[in-house]
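Take the given structure of chain A and dock chain B to it, following the hints.
In order, the protein sequence lines correspond to chains A and B.
The first sequence runs 0 to 297 under numbering that gives the first Met the number 0.
The second sequence runs 0 to 516 under numbering that gives the first Met the number 0.
It should be emphasised that the hints constitute simulated quantities derived from the structure, not laboratory data.
Just so you know, even glycine gets a beta-carbon here, dropped at the ideal spot from N, CA and C.
A few of these clues could be false.
Heads up, simulated DSSO-like pairs for lysine-lysine below, C-alpha to C-alpha not over 27 Å straight-line [stated by the list, open to error]:
hint	chain 1	residue 1	chain 2	residue 2
1	B	Lys55	B	Lys83
2	B	Lys358	B	Lys128
3	B	Lys185	A	Lys138
4	B	Lys502	B	Lys128
5	B	Lys83	B	Lys146
6	A	Lys138	B	Lys214
7	B	Lys286	A	Lys138
8	B	Lys83	B	Lys426
9	B	Lys512	B	Lys135
10	B	Lys286	B	Lys101
11	A	Lys168	B	Lys286
Residues on chain A that point at chain B, a partial pick, calculated with CB under 7 Å [said to hold, decoys possible]:
hint	residue
12	Pro41
13	Ala130
14	Thr131
15	Leu151
16	Thr152
17	Asn239
18	Ser240
19	Leu241
20	Leu243
21	Arg255
22	Val258
23	His260
One side only, chain B facing chain A, incomplete, derived with CB under 7 Å [what the hints assert, rightly or not]:
hint	residue
24	Ala99
25	Glu100
26	Thr103
27	Ala106
28	Ala107
29	Lys128
30	Lys280
31	Asp281
32	Val283
33	Thr284
34	Pro465
35	Met472
36	Ala473
37	Thr476
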Amino acid sequence: MNPVWKRSWPIYLMIFPGLLFFIVFRYIPMGGLVLAFKDYDPFSGFSGSPWVGFDHFHRLFTQQDFWIILRNTFVLSGINLFFFFPIPIAMAILLNEVKLPWVRKLVQTTIYIPHFVSWVVVAGITVVLFATQDGGINKLLAEHGRQRMELLTDPSYFQALFLTQNIWKEMGWGTIIFLASLASVDPGLYEAAYVDGAGRWRQLWHITLPSLRTIVVIMFILRLGQIMDVGFEQIFLLQNSLNLSVSDVFDTYVYRNGVQHGEFGFTTAMGLFKSVVGLVLLLTFNRLAKKFGEEGVY
Amino acid sequence: MRKWTVLALSSLLAAGAAGCGNSTNEAQSESAPASGSAAASVAASSPEATVDTSKKLTITLLAPSYAGGGWQGDNAVVQKLNEKLNINLQIQWVPIANLAEKETAMAASNSFPDAYFVLQNEFTKWRDKGVFLDVKPYLEQFPNFTKYLSEESLQIENPADHYYGFPYYIQDTRDSLAVRKDWLDKLGLQAPTTIEEFGQVATAFATQDPDGNGKQDTSGFSFGMTNGSFSGLSPILAAFGLGNEWIQSGDELVNYKTQTEQLKPFVSFLRELYASGGLDKDFVTNKNNDHKSKFVASTVGIAEYVPGELFTTSLPNLQQTHPEARIAQVIPPVGPDGKQGTSTLPMTSKIVINNSIDKEKQQRIIQLLDYMLSDEGYDLIKNGVENVHWKSENGTFVKLDAYDVDRPQLLSTWFFRRADPLIQMHKWEDQALLDQLQQWNDNNAKYAWPNPAAEVVSEVQSKLAPNLNEKWMAAVTKIIVGQAPVDDVDQAASDWLKDGGDKITQDINEQYKKLHQ
Numbered sequence: 000m001n002p003v004w005k006r007s008w009p010i011y012l013m014i015f016p017g018l019l020f021f022i023v024f025r026y027i028p029m030g031g032l033v034l035a036f037k038d039y040d041p042f043s044g045f046s047g048s049p050w051v052g053f054d055h056f057h058r059l060f061t062q063q064d065f066w067i068i069l070r071n072t073f074v075l076s077g078i079n080l081f082f083f084f085p086i087p088i089a090m091a092i093l094l095n096e097v098k099l100p101w102v103r104k105l106v107q108t109t110i111y112i113p114h115f116v117s118w119v120v121v122a123g124i125t126v127v128l129f130a131t132q133d134g135g136i137n138k139l140l141a142e143h144g145r146q147r148m149e150l151l152t153d154p155s156y157f158q159a160l161f162l163t164q165n166i167w168k169e170m171g172w173g174t175i176i177f178l179a180s181l182a183s184v185d186p187g188l189y190e191a192a193y194v195d196g197a198g199r200w201r202q203l204w205h206i207t208l209p210s211l212r213t214i215v216v217i218m219f220i221l222r223l224g225q226i227m228d229v230g231f232e233q234i235f236l237l238q239n240s241l242n243l244s245v246s247d248v249f250d251t252y253v254y255r256n257g258v259q260h261g262e263f264g265f266t267t268a269m270g271l272f273k274s275v276v277g278l279v280l281l282l283t284f285n286r287l288a289k290k291f292g293e294e295g296v297y
Numbered sequence: 000m001r002k003w004t005v006l007a008l009s010s011l012l013a014a015g016a017a018g019c020g021n022s023t024n025e026a027q028s029e030s031a032p033a034s035g036s037a038a039a040s041v042a043a044s045s046p047e048a049t050v051d052t053s054k055k056l057t058i059t060l061l062a063p064s065y066a067g068g069g070w071q072g073d074n075a076v077v078q079k080l081n082e083k084l085n086i087n088l089q090i091q092w093v094p095i096a097n098l099a100e101k102e103t104a105m106a107a108s109n110s111f112p113d114a115y116f117v118l119q120n121e122f123t124k125w126r127d128k129g130v131f132l133d134v135k136p137y138l139e140q141f142p143n144f145t146k147y148l149s150e151e152s153l154q155i156e157n158p159a160d161h162y163y164g165f166p167y168y169i170q171d172t173r174d175s176l177a178v179r180k181d182w183l184d185k186l187g188l189q190a191p192t193t194i195e196e197f198g199q200v201a202t203a204f205a206t207q208d209p210d211g212n213g214k215q216d217t218s219g220f221s222f223g224m225t226n227g228s229f230s231g232l233s234p235i236l237a238a239f240g241l242g243n244e245w246i247q248s249g250d251e252l253v254n255y256k257t258q259t260e261q262l263k264p265f266v267s268f269l270r271e272l273y274a275s276g277g278l279d280k281d282f283v284t285n286k287n288n289d290h291k292s293k294f295v296a297s298t299v300g301i302a303e304y305v306p307g308e309l310f311t312t313s314l315p316n317l318q319q320t321h322p323e324a325r326i327a328q329v330i331p332p333v334g335p336d337g338k339q340g341t342s343t344l345p346m347t348s349k350i351v352i353n354n355s356i357d358k359e360k361q362q363r364i365i366q367l368l369d370y371m372l373s374d375e376g377y378d379l380i381k382n383g384v385e386n387v388h389w390k391s392e393n394g395t396f397v398k399l400d401a402y403d404v405d406r407p408q409l410l411s412t413w414f415f416r417r418a419d420p421l422i423q424m425h426k427w428e429d430q431a432l433l434d435q436l437q438q439w440n441d442n443n444a445k446y447a448w449p450n451p452a453a454e455v456v457s458e459v460q461s462k463l464a465p466n467l468n469e470k471w472m473a474a475v476t477k478i479i480v481g482q483a484p485v486d487d488v489d490q491a492a493s494d495w496l497k498d499g500g501d502k503i504t505q506d507i508n509e510q511y512k513k514l515h516q
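Isolated chain A (complex conformation) (with noise of 0.2 Å):
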């Protein structure tokens, strides 16, 4: 037997499952992206459906609903990469600078406790906080003989809704990562610092982001994979006919159309456009970051 795999074969043995995982749950799945291309009955069956070569791509570009859910999705996705992205780092990185241990593992826990809760009682909550009949916001209003807000149904609205949501959700929950890469700094470097008499904003700006630059990068590229991925639960649940020039997003035609109507065929060819999109802005911005001296992904 060879040495080398004589010596590593365990480790092999170990790999194995996750290979396995994926293999099956997500490269075999990829055939289905046939679909995109065929008109498919489920009746027919996958083999029996007819091919319809680019048609379902020519209608959907075609159509005009399309820019609207593409600029409307990257609109989301964009507040997403801007406004929500930077708050998990900033958030990490003042827990950090707390030195009570208690206080920090207190504020931590409380934090990333939303990350459990559902979107469906997320959006229950938002429903009784800002409706503007019965929502508790709207009702302070009132009382206080304040015009009534429409902070559910006003199109401007929605993408503050949409950010705020996300915020309180999912905050916390982005701490962890960036956090424990923070803990894994050199406390010597810290010492060092203090010794040649850096201040806490010297020992911030030249060691700890220096220290999350890499991470920083990978989860940005990564988020910008799913760029066209905007979260159908969260969306979904927010959606009404006011504010749907501004909500309807892939996801939501998807399961408009796909899902509820069974346009199996052209939904597909959607999830494909997707993926695509989210597949070339990835190896695009991995380059780039490794042209500037980053580690990238892969």
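Chain B alone, transformed into the frame defined by chain A:
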């Protein structure tokens, strides 16, 4: 990414399942004529003792669920059915809003249950694909179907010589507007009879504090919006001369979304009510049944209801928190041109049997459904089990507490039943209540407002309508809440037509003519 993978995976599984399934389907169709003749010959001898129940069979059944959800765990009714027919009945309850979605996914993976409830769209879409059992050959052998369901209702949506399912009976003019009588009395008002009065009452409910708590926390009425159509608003639509989805205009059927002349006063009416508070400010975020919940929560004074449900469930709930609550019927209000109409439902849902399961099981399912319509079985699925859910005392029937906990009536109200307008009324019910319901039913029956194209199914429509209707609804909602001028109705209608509504209209008219030749 993950959603997409799931879809792709399920499609792939579907392919595999379909591949395996084909051979059994063929076998099935080969044996079908034989089964028909066998059934017929047996029927000639003796109708009752034909089904061999010696083998215990597991039967899976899918039924829709509404408020409160389906049965949890083992229900006494299921036990009784299991004993009687030597089966192991397994019921899956799916919320009605997700039924089509669930069944579409089942179609994609070819994993239908043995018997299930389907809505019109899915029934017609799959009817000719050989997925549903033709039940017509069994009707002679099992006489309860034709005895308690009309022949016409069996024919709905079916070709002449095959019945691919049983109808889910629905009373066409079932739903009715209900108003808080105690609120009317407090403000010295009468139940509205015209659209104008309807607006006045609704506004008064919002502005004159009908519940007397010193706060402006009530509104006049509310309705819902689901999948691009209004729910609970029919009498108002009808009063303004709008169609129940489609309306005959000359030789053609026209969609109500394009009746701009009638839409303008309709939208203006709702717009004024919204501004005055008469229309619930949160109506836009209402899902299917939220207007009813608001009525029960005593924040809304007028809502459309299934009267049986209102009398037996919602009113008692309302009176628990508001003992003073009383209700009255609102006769469909008269519109500006003297038009009146009440919500009118087509009987288009079906109970179907899986065509790809073995014949013995199919027959046992038919036996089960037949039993559910028989005197004994219908009593069981409507009133529950004797001495568990009700008992007889000196010749009168008394409801037991377990009835409210177990809700033994669910199969009859949600899945399958006789053509029985008093379906929600049980044998222990007070005669006064029965009379009242009968009165509401009789009042409503005068104002039928049928959809002429209810039975017409158009593939063009099911492909294009979801997005078109959603957009039209968004435009109209904007007008109602005052974000856009009333004249935008013209734009909404012409957009609807331009983006595919004209194709839908053309197809519906063609299919309609084919059906009514």
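Q.
If you test the structure against every hint from before, which numbers come out violated?
A. Result: no hint breaks.
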